[in-house]
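Engineer: Build out the structure end to end from the sequences listed, making use of the hints.
Which chain is which? The protein sequence lines are A and R, in order.
So the first sequence is numbered by the working numbering: it starts at 1 and just counts up by one.
So the second sequence is numbered by the working numbering: it starts at 216 and just counts up by one.
For the record, the hints were derived by calculation from the structure and aren't laboratory data.
None of these values were measured; they are calculated from a predicted model.
A couple of the hints might just be wrong.
Residues from chain A that face chain R, not an exhaustive set, calculated with beta carbons under 10 angstroms [said to hold, decoys possible]:
1. M1
2. D20
3. R83
4. S111
5. F174
6. T189
By construction, the Cβ of each residue, glycine as well, lies at the ideal position given by its N, Cα and C atoms.
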Amino acid sequence: MKAFTVHKGLVAPMDRANVDTDMIIPKQFLKSIKRSGFGPNLFDELRYLDEGAPGQDCTNRPLNPDFPLNWSRYQGASVLLCRENFGCGSSREHAPWALDDYGFRAVIAPSFADIFFTNCFKNGLLPIVLEENIVDKLFEEAEENEGYELSVDLSRQVVVTPSGEELSFSVDEFSKHCLLEGLDEIGLTLNEVDSIRAYEAAREKDTPWLFGAIK
Amino acid sequence: MAGKTLYDKLWDAHLVKQRDDGSSLIYIDRHILHEVTSPQAFEGLRMADRKPWRLDVNVATPDHNISTDTAERAAGVDGIPDEVSRIQVKTLDDNCDYFGIREFGMNEMGQGIVHVMGPELGASLPGMTVVCGDSHTATHGAFACLAHGIGTSEVEHVLATQCLVAKKMKNMLINVEGQLGNGVTPKDVVLAIIGEIGTAGGTGYAIEFAGQVFRDMSIEGRMTVCNMAIEAGARVGMVAADDKTIEYFKGRQFAPTGEVWDQAVAYWETLQSDADAMFDAVVELSGGDIAPQVTWGTSPEMVAPVTGLIPCAENEQDPAKKQGIERALTYMGLEGGTPIVEIPVDRVFIGSCTNSRIEDMRAAAEVAKGRKVSESIKQVLVVPGSQMVKAQAEAEGLDKIFIEAGMDWREPGCSMCLAMNADKLGAGEHCASTSNRNFEGRQGGGGRTHLVSPAMAAAAAIAGHITDVRSFD
Ligand code: SF4
Numbered sequence: 001m002k003a004f005t006v007h008k009g010l011v012a013p014m015d016r017a018n019v020d021t022d023m024i025i026p027k028q029f030l031k032s033i034k035r036s037g038f039g040p041n042l043f044d045e046l047r048y049l050d051e052g053a054p055g056q057d058c059t060n061r062p063l064n065p066d067f068p069l070n071w072s073r074y075q076g077a078s079v080l081l082c083r084e085n086f087g088c089g090s091s092r093e094h095a096p097w098a099l100d101d102y103g104f105r106a107v108i109a110p111s112f113a114d115i116f117f118t119n120c121f122k123n124g125l126l127p128i129v130l131e132e133n134i135v136d137k138l139f140e141e142a143e144e145n146e147g148y149e150l151s152v153d154l155s156r157q158v159v160v161t162p163s164g165e166e167l168s169f170s171v172d173e174f175s176k177h178c179l180l181e182g183l184d185e186i187g188l189t190l191n192e193v194d195s196i197r198a199y200e201a202a203r204e205k206d207t208p209w210l211f212g213a214i215k
Numbered sequence: 216m217a218g219k220t221l222y223d224k225l226w227d228a229h230l231v232k233q234r235d236d237g238s239s240l241i242y243i244d245r246h247i248l249h250e251v252t253s254p255q256a257f258e259g260l261r262m263a264d265r266k267p268w269r270l271d272v273n274v275a276t277p278d279h280n281i282s283t284d285t286a287e288r289a290a291g292v293d294g295i296p297d298e299v300s301r302i303q304v305k306t307l308d309d310n311c312d313y314f315g316i317r318e319f320g321m322n323e324m325g326q327g328i329v330h331v332m333g334p335e336l337g338a339s340l341p342g343m344t345v346v347c348g349d350s351h352t353a354t355h356g357a358f359a360c361l362a363h364g365i366g367t368s369e370v371e372h373v374l375a376t377q378c379l380v381a382k383k384m385k386n387m388l389i390n391v392e393g394q395l396g397n398g399v400t401p402k403d404v405v406l407a408i409i410g411e412i413g414t415a416g417g418t419g420y421a422i423e424f425a426g427q428v429f430r431d432m433s434i435e436g437r438m439t440v441c442n443m444a445i446e447a448g449a450r451v452g453m454v455a456a457d458d459k460t461i462e463y464f465k466g467r468q469f470a471p472t473g474e475v476w477d478q479a480v481a482y483w484e485t486l487q488s489d490a491d492a493m494f495d496a497v498v499e500l501s502g503g504d505i506a507p508q509v510t511w512g513t514s515p516e517m518v519a520p521v522t523g524l525i526p527c528a529e530n531e532q533d534p535a536k537k538q539g540i541e542r543a544l545t546y547m548g549l550e551g552g553t554p555i556v557e558i559p560v561d562r563v564f565i566g567s568c569t570n571s572r573i574e575d576m577r578a579a580a581e582v583a584k585g586r587k588v589s590e591s592i593k594q595v596l597v598v599p600g601s602q603m604v605k606a607q608a609e610a611e612g613l614d615k616i617f618i619e620a621g622m623d624w625r626e627p628g629c630s631m632c633l634a635m636n637a638d639k640l641g642a643g644e645h646c647a648s649t650s651n652r653n654f655e656g657r658q659g660g661g662g663r664t665h666l667v668s669p670a671m672a673a674a675a676a677i678a679g680h681i682t683d684v685r686s687f688d
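Structural biologist: So, in structure tokens, the structure goes:
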């Protein structure tokens, strides 16, 4: 996994509550058996005026002029500023894959849907929860100031604004450690082989119907 | 010390290790796979040269993007017209072959939507931890499982280690006492709950549904409710085990038999919250107050009783909510203040992991029987959730009732729930749908979804618009 330590980048606002995973990456793109290449279809239905199809070259598709990510001032953005309950809906990891492939490294919102939140960490994308009034203020600042950048420091757990203000956020120890080091979580779990085997042996004795039923 | 909730018990029973950093390793008893969220996980295994930890916990089936058209289905996997979908279904077949995972192939008895086939095969059983790369996995909580959706990285993690790194959620109790009125179904109960607590109301919680309404409800009905826990923001929804739960699993393909059955039953009987268990949040609803529900907007919380009106944005004080209502009504092509029963309907979809079990088919058939689909309706798709539901429905003659009424009787799969195959809405079309999400474009670009129960969907098909099924005799 890609490590995340400190990242400074241009902020793009997505001023809409309850952005669901169908919006982030519509279902027709879920047919892919790959992990990459979803960036051009991020927010496909909001971003383009025509209907997107998998495998299509997106460079000449008609862009929706009302969608902020299409505005020149937000080109190259890598921090996405969002409203509450971002990422609700399905468990599709294609959503963080698409955000990552597009170039986002961090997503800031007052709240996230649980599965999406977990999925982000597995892909080196940092979801940051800040209080609603702070997010409101960041929206104002980002919209008022062209070229508005935020810096995210994971080890200190702070978002730093251009004026130097530090906004702290919480992140659980395990996810933070994995993200900072870019660790392979499966490898970490496999270090616990003995615990897993011991659990399994006890379980097979107590609940034998959970073993060998499916062949 | 306070007693334990059902969730606490299931969590404790599956805890492999509590780590110093606060994260936990929990053991996974059952893993269900489908074509959409597994290919990258299998690829990950191959790349790292890893093998599945255990084979006898995994069961796979294609459901999301297979055709529901009988002729196309008969042509087998090679006959899937869309090349990208065909590759994905083939990839699942190949991966299951390669790794030795039990798969119920596209046209095999046992195949179906993951959350329909799992319980009916007894592949998921009470007291298990059940995961699947699909957010509606909470369905299996209906019979006291700790079941939740996972992302593809976690699919790979479970395949490789039989464990997940998890953090314990908080406990929420949703208590619905009293009795449901005639024509009010489990779908209406869960939509009413979502209307009450909102789509983020359950975020961070494991929800237990309790009270007289759930004790009276069938296991299939409980599945409909738990299925939509995720639409209330909760990864986990569950109902305690009771006699109905145990009865439901008797004789199922992968359920235990003989002495082991008795041993399992003795354990299953303990799967309830203790009387003195503490919940972090409690929500109370009265079953008698719930009317058939209809969503009018683009989020499941935008729901109203069929007897009500579409809300007016101007009456909303909160500016963000107001903007949300305005945006939703523009997308839906509807006006605030309109009676719900005046919502037009172009297509009807009866299916999905929420409402495609045999009881749902029966409820829809009861309304359709002896009636005809309104001429203004373009299409009514009735899509059973599994091969077994299909066979049972046909044995009961339900398929004939649907066909005589002018509806399409299809092959099992997710179909128009997410429109990954040819079953889609056209832009601007309204659909009375028994599925679980009414997001923009969910059932086809520009499509407008109204979530309802199977009986309400069938009634809409007959009337040609949303109508109160209770006015049908
Ligand atoms: S029926 Fe719909 S919600 Fe259920 S698993 Fe299929 S796509 Fe997902």
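Engineer: So, for every hint listed, does it hold in this structure?
Structural biologist: Now for the hints, and whether the structure bears them out:
no.: 1; hint: M1; in the structure: holds, 9 angstroms
no.: 2; hint: D20; in the structure: holds, 5 angstroms
no.: 3; hint: R83; in the structure: holds, 7 angstroms
no.: 4; hint: S111; in the structure: holds, 6 angstroms
no.: 5; hint: F174; in the structure: holds, 4 angstroms
no.: 6; hint: T189; in the structure: holds, 4 angstroms
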